Amino acid sequence: MSKELIRLRNLVMEFDGERILDDINLYFNDHEFLTLLGPSGCGKTTTLRIIGGFLTPTAGDVLFDGARINDVPPYKRQINTVFQRYALFPHLDVYENIAFGLRISKLPKDEIDRRVMEMLEVVSLKGYENRKITSLSGGQQQRVAIARALVNRPKVLLLDEPLGALDLRLRKDMQNELKRIQQAMGITFIYVTHDQEEALAMSDTIVVMDKGRIQQIGTPEDIYNEPKNAFVADFIGESNILDGIMLEDFRVKFFGRVFTCVDKGFKTNEPVDVVIRPEDIDIVAPEQGHLTGTVTSVTFKGLNYDIIVDFKGFKWLIQTTDFHPVDATIGIRLNPEDIHVMKKSEYSGMFGDYSSYSAEYDELTEDADDEEE
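Residue numbering for the sequence shown is 0 to 372, as defined by numbering that gives the first Met the number 0.
Just so you know, not all the hints are guaranteed correct.
Pairs of lysine-lysine residues, derived as DSS-like cross-links and limited to a Cα-Cα distance of at most 30 Å, are as follows [stated by the list, open to error]: (1) K343 <-> K266; (2) K311 <-> K252; (3) K343 <-> K314; (4) K154 <-> K2; (5) K75 <-> K105; (6) K125 <-> K105; (7) K178 <-> K252; (8) K131 <-> K105; (9) K178 <-> K131; (10) K343 <-> K252; (11) K314 <-> K300.
By construction, these hints were calculated from the structure, which means they are not laboratory data.
Note that the structure is a prediction, hence the values are computed from the model and not measured.
Let the sequences and hints guide you as you build the complete structure.
This is the structure in structure tokens:
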């Protein structure tokens, strides 16, 4: 059974009268890989900095092993941080970069040597100890930064968008590497990213944040398959989000039709948001469909086509391995388990219609400034 290591209790953070964190309650277990996920400005980096001791919360408590550590400075916490800009010492070689913290702690020379060599092994950089930092690739520098943070044997490692500067191929490799290092070291990793795929690939637990509040906490599978509101559904993966009415348990109405679903526990005739993932939609001949629509756009994505289909003026995204040309009329069928019903929220009506669909949108948000001060 996992043991609780860190707890954030009623955490509030304000800068210049603006509320950046709004009553955050969250705990982190020992040996857990937990990711804080959300768009720029959602408060995830602020949360990380409070845990690390670089910021003091306006209100609320940070508990470590049950003791309040709000006033404990960063260097006295059993917590280390790896930043996006690795902050390595360019004038020192790989060995001395990793050994730096141990030398400050005045450990015996053979103990330092043993620990540094052990860390080089863990991060797959054996044989690189005498290399100059400037001669290393981005991924190798990243691993030196991780080794330097881990060599002091912290109980927790904080990682703030650490793969942001790497190209896609290297990011994928480093995702696997980080997960492997976390399991090998058996310590808690708290990871910050705005990249949903990264979060899904690496985490034991994901905390989705927006506007300084926690929107949902769960395993990657829970968050993807059972989003709590329209924001989570839209932020994690692609979603068609429609207005519906929950007639009774297991029966929901949208687009003028009644569908069987697997959700229950709503009020009779409660207005709801209905989520249908693009990959869960079966395309059939128009006469066999629950609904029929017209294809308005087709984008080839390698493994599949992204097609936009107009159903009565509402545009859906459907992912299919079969080609359907623009202006084709198609039918779709929905299985009960492919229909996800969510409560209405402040995010209702903001997402899910692909009228202005553009694949470039993804890149625009990727490049947005990730600083959150």
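Now the hints, each set against the structure:
| no. | hint | result |
| --- | --- | --- |
| 1 | K343 <-> K266 | holds (12 Å) |
| 2 | K311 <-> K252 | holds (15 Å) |
| 3 | K343 <-> K314 | holds (20 Å) |
| 4 | K154 <-> K2 | holds (12 Å) |
| 5 | K75 <-> K105 | holds (16 Å) |
| 6 | K125 <-> K105 | holds (24 Å) |
| 7 | K178 <-> K252 | violated (42 Å) |
| 8 | K131 <-> K105 | holds (24 Å) |
| 9 | K178 <-> K131 | holds (26 Å) |
| 10 | K343 <-> K252 | holds (15 Å) |
| 11 | K314 <-> K300 | holds (19 Å) |
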